[in-house]
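Visitor: In case you want the letters, here they are:
Number of protein chains: 2
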Amino acid sequence: MKRPTIADIARRAGVSKGAVSYALNGQPGVSEATRQRIVAIAQEIGFNPNSAARALSGASARAVGLTLCRPARILGIEPWFMGLISGFEAELSARSYALTLQVVATPELEVEVYRRWWGERRIDGVIVTDLRENDIRIPVLQQLQLPAVVIGGPGETGEIAQIWSDDAGAITEAVRYLVALGHRRIARVSGLPGLLHTQARTRAFNDICTSLGLEATTVPSDYTGEEGSRATRRLLIDTERPTAIIYDNDVMAVAGLAVAQEMGLTVPGDLSIVAWDDSPLCSLVHPPLTALSRDIAEYGAHAARELLATIDGKQVTNVEAGPAQLTPRGSTAPPR
Amino acid sequence: MKRPTIADIARRAGVSKGAVSYALNGQPGVSEATRQRIVAIAQEIGFNPNSAARALSGASARAVGLTLCRPARILGIEPWFMGLISGFEAELSARSYALTLQVVATPELEVEVYRRWWGERRIDGVIVTDLRENDIRIPVLQQLQLPAVVIGGPGETGEIAQIWSDDAGAITEAVRYLVALGHRRIARVSGLPGLLHTQARTRAFNDICTSLGLEATTVPSDYTGEEGSRATRRLLIDTERPTAIIYDNDVMAVAGLAVAQEMGLTVPGDLSIVAWDDSPLCSLVHPPLTALSRDIAEYGAHAARELLATIDGKQVTNVEAGPAQLTPRGSTAPPR
DNA sequence: AGAATTTACTGAACCGGGTAAGTTGTGGAG
DNA sequence: CTCCACAACTTACCCGGTTCAGTAAATTCT
Chain S
1 MKRPTIADIA RRAGVSKGAV SYALNGQPGV SEATRQRIVA IAQEIGFNPN SAARALSGAS
61 ARAVGLTLCR PARILGIEPW FMGLISGFEA ELSARSYALT LQVVATPELE VEVYRRWWGE
121 RRIDGVIVTD LRENDIRIPV LQQLQLPAVV IGGPGETGEI AQIWSDDAGA ITEAVRYLVA
181 LGHRRIARVS GLPGLLHTQA RTRAFNDICT SLGLEATTVP SDYTGEEGSR ATRRLLIDTE
241 RPTAIIYDND VMAVAGLAVA QEMGLTVPGD LSIVAWDDSP LCSLVHPPLT ALSRDIAEYG
301 AHAARELLAT IDGKQVTNVE AGPAQLTPRG STAPPR
Chain W
1 MKRPTIADIA RRAGVSKGAV SYALNGQPGV SEATRQRIVA IAQEIGFNPN SAARALSGAS
61 ARAVGLTLCR PARILGIEPW FMGLISGFEA ELSARSYALT LQVVATPELE VEVYRRWWGE
121 RRIDGVIVTD LRENDIRIPV LQQLQLPAVV IGGPGETGEI AQIWSDDAGA ITEAVRYLVA
181 LGHRRIARVS GLPGLLHTQA RTRAFNDICT SLGLEATTVP SDYTGEEGSR ATRRLLIDTE
241 RPTAIIYDND VMAVAGLAVA QEMGLTVPGD LSIVAWDDSP LCSLVHPPLT ALSRDIAEYG
301 AHAARELLAT IDGKQVTNVE AGPAQLTPRG STAPPR
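Protein chains in written order, with full-length UniProt numbering: chain S, 1 to 336; chain W, 1 to 336.
Derived from the structure by calculation, the hints contain no laboratory data. Built from N, CA and C at the ideal position, the CB exists for glycine as well. Be aware that one or more of the hints could be misleading.
Cβ-Cβ distance ranges computed for the label pairs, FRET-style [what the hints assert, rightly or not]: (1) S:P28 with W:A309: 12 to 20 Å; (2) W:L181 with S:G264: 20 to 28 Å; (3) W:A309 with S:I45: 49 to 57 Å; (4) S:P220 with W:P71: 34 to 42 Å.
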């Protein structure tokens with residue numbers, strides 16, 4: 001089956017290629033009557049502009065890129081990324097932008113992917129996740145002048161817009177809640193220590209614990225279930241074991257719950273659990289997990305909107321999305 | 001920063017654009033010495049061919065498409081798709097193909113996306129998942145002559161290659177295992193009834209149960225945790241409740257486990273649970289779930305290889321991937 | 001040695017849109 | 001009645017690769 005082109009439309013409408021281009025793009029230069037005739041023909045023969053031709057003639061590629069930099073085995077079960085992707089998609093497909101995905105192993109490879117995409121003119125912009133300290137991706141994006149939006153921060157990104165949520169406020173709320181229930185020994189199992197938002201959370205956790213006169217124990221982990229289990233086991237074998245643990249993601253929280261059950265501890269009787277980021281996973285297990293809920297899809301949609309605005313040349317500024325809300329469920333209670 | 005083009009390379013090497021193209025693509029028509037000189041210059045200035053220009057001049061777009069047709073809320077926690085994506089990526093990025101993703105709500109919209117992608121010449125082929133009975137996507141793909149590979153089946157797909165695994169064998173093994181443990185009342189919570197592989201599993205489940213003289217109870221569900229919980233509750237309130245349940249995915253199995261615990265039943269003492277598809281989720285919960293394991297990433301890699309072969313014009317045939325292997329864990333035991 | 005073939009290129013057309021510059025035709029102002 | 005402004009187009013070139021036809025030089029064959 002042959003793909004229809006603007007030349008086909010031009011022939012059928014008895015006008016030139018140029019007129020068809022003006023008509024379909026809402027440019028001035030054709031009469032309203034002609035425009036409608038052309039649009040009708042385009043509809044009829046099912047015309048879609050060849051994205052390659054469009055991109056080649058200086059216009060945008062109508063695609064944005066996303067790199068996922070996590071070990072493959074964890075990508076599968078982290079609801080976070082899929083939530084983000086769903087959110088992006090909602091915005092992108094509404095403006096018929098495509099989403100190009102690439103799974104990479106290291107930030108260095110991520111930079112290479114950006115360079116290649118830029119060279120290939122394959123995408124108009126990228127969404128950057130997991131901002132790190134002195135992130136090597138930022139200078140490259142600035143050098144290439146590739147439109148970008150960073151999720152996670154706040155951090156040093158120069159002109160590049162950022163989206164983050166008030167993690168400090170959220171963890172403070174969670175700790176206050178646990179203290180109000182009567183907990184005095186609260187621990188935290190964190191995500192990858194290299195990520196800026198992990199550091200911000202750790203700082204805030206230390207601050208609130210200090211101000212409440214509690215000891216702040218943070219065990220660094222990596223978002224995987226395995227590491228979450230290990231960290232939990234290490235915390236629970238202690239004679240002075242914590243009565244509540246806050247986990248930096250839902251997967252580790254679920255893993256922690258399993259470890260507690262396996263060790264014969266009841267949740268929430270012997271141990272209260274709070275998960276950061278609420279996915280259906282949290283309501284799925286027994287008991288359902290108290291969580292710091294954010295609308296991750298909305299978070300992604302927000303990022304996509306910012307990115308499209310950047311691509312359109314609009315000035316965008318850093319945005320703070322709403323903070324995570326504490327959603328109490330069955331995994332938190334006063335300690336025995 | 002200006003993107004380097006083959007014209008830049010040609011100027012620096014003192015040859016024509018055509019020669020550069022031949023040299024970089026390994027085509028005959030340039031001497032080995034010239035080729036090396038050109039390749040060296042390309043390396044040095046960090047040249048990447050403009051994908052739009054390449055796609056426009058008849059060559060491939062070097063991209064494949066994948067549509068995800070599931071409600072957004074479940075996409076997040078289903079490890080299946082992310083596993084597939086990881087697998088695709090491993091193959092695709094090795095051959096520097098991009099993966100373009102789109103989340104859609106219905107198969108009808110999926111067809112529209114295929115048509116648009118084809119019209120835009122954005123992709124060279126698509127990977128089709130969740131094959132249905134009389135799938136409306138198949139005739140469209142045939143009409144457009146869009147290279148495709150179908151995951152899930154077997155079914156009627158004409159010339160389009162399929163990849164599936166021996167679900168009948170796997171479920172037979174699972175049932176036999178449960179019967180060997182002493183179970184006589186085995187139920188199954190299935191995935192979406194419209195999908196061909198769900199139907200194949202139901203058929204096989206009925207067959208083996210009949211041949212062993214057991215009653216075959218299948219409760220249709222939709223892969224979500226919520227529906228999995230509901231189905232499980234319905235099964236367990238029965239006076240003649242089953243002593244073992246097989247779930248069509250891991251998410252429903254985890255939800256089922258939570259329901260059992262919530263109802264005061266012990267797993268595996270009062271109820272044995274088998275999950276279809278093994279993700280880290282299964283080993284994460286307590287007790288860890290006995291699962292029918294498949295290497296989903298390898299499954300995806302396989303599909304990507306087949307698709308790339310199809311795009312290259314090679315004749316591909318239907319492939320049966322290895323069957324799922326029963327991995328016994330703590331959720332199965334003889335009934336009390 | 002001369003013809004035939006091969007090698008190593010060059011030049012130009014082409015893909016399908018976008019768009020600046022040029023060309024009509026029409027109506028209104030002077 | 002002429003001149004000008006403007007709408008409504010057309011023409012032609014651009015984007016950056018691929019590819020085919022053509023060409024000069026080098027090599028092989030008779």
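Visitor: Does each hint hold? Answer for all of them.
Guide: Comparing the hints with the structure gives:
Range check, P28 of chain S to A309 of chain W: about 49 Å between beta-carbon atoms, so the 12 to 20 Å window is missed. For the pair L181 of chain W and G264 of chain S, the beta carbons lie near 25 Å from each other, so the given range of 20 to 28 Å is met. A309 of chain W and I45 of chain S have their C-beta atoms about 32 Å apart, which leaves the hinted 49 to 57 Å range violated. Take P220 of chain S and P71 of chain W: their Cβ atoms lie about 35 Å apart, and the range 34 to 42 Å holds.
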